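Peer 1: So the protein lines, in turn, are chains A and B.
Going by my numbering, the first sequence opens with residue 1, and the numbers climb by one from there.
Going by my numbering, the second sequence opens with residue 1, and the numbers climb by one from there.
Among the hints, erroneous ones may be present.
As the list claims (entries may be wrong) - With beta-carbon atoms standing in for the labels, derived distance ranges:
#, chain 1, residue 1, chain 2, residue 2, range
1, B, Q14, A, A94, 37 to 45 Å
2, B, K87, A, R270, 38 to 46 Å
3, A, Q141, B, E67, 54 to 62 Å
4, A, P179, B, E191, 55 to 63 Å
5, B, T225, A, R270, 54 to 62 Å
6, B, E67, A, P179, 15 to 23 Å
7, A, V267, B, S144, 38 to 46 Å
8, A, G251, B, S144, 54 to 62 Å
9, B, N29, A, A94, 36 to 44 Å
10, B, G71, A, V103, 39 to 47 Å
Honestly, the hints are just simulated from the structure, not real lab data.
Since we're looking at a predicted model, the values are computed, not measured.
Beta carbons: idealized from backbone N, C-alpha and C, even for Gly.
The residues making up each chain are set out below.
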Amino acid sequence: MDDLSGTLFNFENYGELLVLVRNSIYAGALLGIVGGLIGVFVMQRDLQFAVHGISELSFAGASAALLFGVNVVAGSILGSLIAALLIGVLGVRARERNSIVAVLMPFGLGLGILFLALYPGRSANQFGLLTGQIVSVDNEQLGLLVTISIVVIIGLFVMWRPLSFASVDADVARARGLPVAAISIAFMVLLGLAVAVSIQIVGALLVLALLVTPAAAAMRVTASPFLTPLLAVLFAVVSMVGGILLAIGGGLPISPFVTTISFLIYVLCRVIGWQQQRSGSRGERTVSPGRAAGPTVRLSE
Amino acid sequence: MTPSPDASILSLRQATLSFGDRPLWRGLNLELKAGEFLAVLGPNGTGKTSLLRTILGQQQLTSGTVELLGGPVGRGSRDIGYIPQQKLLDAGTPLRARDLVGFGINGHRWGLPVSSRAMRRRVDEVLESVGASDLANASVASLSGGEQQRIRVGQAIAGNPRLLLCDEPLLSLDLQYQRAVSELIDEKRRELNTAVVFVTHDVNPILNMVDRVLYLAGGQFRVGTPDEVLRSEVLSYMYDTPVEVIRSRGRVIVIGAPDGYGAHDHENHHVHGDGGHH
Chain A
1 MDDLSGTLFN
11 FENYGELLVL
21 VRNSIYAGAL
31 LGIVGGLIGV
41 FVMQRDLQFA
51 VHGISELSFA
61 GASAALLFGV
71 NVVAGSILGS
81 LIAALLIGVL
91 GVRARERNSI
101 VAVLMPFGLG
111 LGILFLALYP
121 GRSANQFGLL
131 TGQIVSVDNE
141 QLGLLVTISI
151 VVIIGLFVMW
161 RPLSFASVDA
171 DVARARGLPV
181 AAISIAFMVL
191 LGLAVAVSIQ
201 IVGALLVLAL
211 LVTPAAAAMR
221 VTASPFLTPL
231 LAVLFAVVSM
241 VGGILLAIGG
251 GLPISPFVTT
261 ISFLIYVLCR
271 VIGWQQQRSG
281 SRGERTVSPG
291 RAAGPTVRLS
301 E
Chain B
1 MTPSPDASIL
11 SLRQATLSFG
21 DRPLWRGLNL
31 ELKAGEFLAV
41 LGPNGTGKTS
51 LLRTILGQQQ
61 LTSGTVELLG
71 GPVGRGSRDI
81 GYIPQQKLLD
91 AGTPLRARDL
101 VGFGINGHRW
111 GLPVSSRAMR
121 RRVDEVLESV
131 GASDLANASV
141 ASLSGGEQQR
151 IRVGQAIAGN
161 PRLLLCDEPL
171 LSLDLQYQRA
181 VSELIDEKRR
191 ELNTAVVFVT
201 HDVNPILNMV
211 DRVLYLAGGQ
221 FRVGTPDEVL
231 RSEVLSYMYD
241 TPVEVIRSRG
251 RVIVIGAPDG
261 YGAHDHENHH
271 VHGDGGHH
């Protein structure tokens, strides 16, 4: 038992390790921002399952790149974008989308496993694509990941308002002349990029812990359009950075730590949300006492 | 800017819409003036919603023309306010009543949703005018159906539209809310001189507000005042079967109307207001 906890949490020479992985921590924090922000829209657009589908094709792209000796991040992005666009174009309706994701997912995973099986190099690299490997990402790739993350964040900021409108209220947005379909495709591209970056760090299997769980947790405790993304970012950054800090000691993959922290935050938020609901503090309704009991519609003014 | 009273807002000329060889309506001529309230009635499957989709540029006419404010229709328009059916939002959807109204003003604008003081004031005004000031910061998902539709009216009028399209906005509301929401729509169109196209399966909640009725059934249409259209002879002719229209205590009750088109139509019997309950 001591051995196990020693492996899980080993903080010898921690200071030196911390210096070594400093860049990874920055990258992790940045990725947390990406995951928290985009997660809010993933939830609103009901794309949780699609995220998983995209990540499997992204994994296939990354492992193909590994096999053919080209840039893994580039391969990952290519796979991501193909999947995101397929899902975006073909899966406009939720039911169709789920079928397409369900078809793409095993195909992508299968391809990825094939490429990895053919890959003669170190198996740690292979495993990393599935379960995360931020510590082994070199500086050049880290630079690429940071660049893409910034592109995603800027893209989201630019389209935030119309994207929110189109996400929660598509019919009215369309009637008001918003290019809802184009916005949807643009969002899928950003999502594809975000998934491709996340895969390098938490791995294909665990992307949801970064792109969905923090936003889902935030939405349990607030319905404010400002607090929701802020909390989601906070949760995602805490999960990422916390996960990295805990993982480096034992030299273990970071993803189990990231996913566990992320999960615990979600559980906590559910409990808080449940208590808010019981005490009726949710919704911030300000009904004057005289009218609190009756319907709030005035029949004539 | 108040549009001149006789400005044509919406104009359909010889408009025909068919799906395959099944015409929904043929040779439809319709001019809608500013401030006019048109109810679109008829059983399901007769192209009521397709008419709205045509006006929104989401549905091409088989033949004929449709014009909005004297020009061809685009894919939606900022001159249009749209009130959809009430639908449930997922709990936790980060959207307050004021955000929904705000979308009606600047939802098309790029950037982060930081609102100026002027914008906040405008939203407050709109909420006040639909009697929903006390719901401003409530999450939309937490509101009742009637409250949501009240906010929807605010959202639709917030951008000062020339044309208000309402797609069954009273569906799934109880009678009290049906009256409150339709009165609100009526009040606002008079205030803003907005033309209204109101699609509904039950004319009764809006009977005393409508200027004209467009009745769609059996691949045909009739346009006229409620008194001209909602008569036994007219509907019997359109349905090609004896139909009786009874006027009782300010309500219209249609007896014996078969399904227009679409045998899958199960909501039809209650269609012409045998009470408006669900």
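Peer 1: Confirm or reject each hint.
Peer 2: Checked hints:
1. Q14/B / A94/A: 37 to 45 Å: Check passed, 38 Å falls within 37 to 45 Å.
2. K87/B / R270/A: 38 to 46 Å: Given a distance of about 25 Å, which is not inside 38 to 46 Å, the answer is violated.
3. Q141/A / E67/B: 54 to 62 Å: 56 Å, holds
4. P179/A / E191/B: 55 to 63 Å: Since the Cβ atoms of P179/A and E191/B sit about 31 Å apart, the hinted range of 55 to 63 Å is violated.
5. T225/B / R270/A: 54 to 62 Å: 56 Å, holds
6. E67/B / P179/A: 15 to 23 Å: Holds: the Cβ-Cβ distance is about 22 Å, inside 15 to 23 Å.
7. V267/A / S144/B: 38 to 46 Å: With Cβ atoms ~31 Å apart, the hint is violated.
8. G251/A / S144/B: 54 to 62 Å: 56 Å, holds
9. N29/B / A94/A: 36 to 44 Å: 39 Å, holds
10. G71/B / V103/A: 39 to 47 Å: Holds: the Cβ-Cβ distance is about 44 Å, inside 39 to 47 Å.
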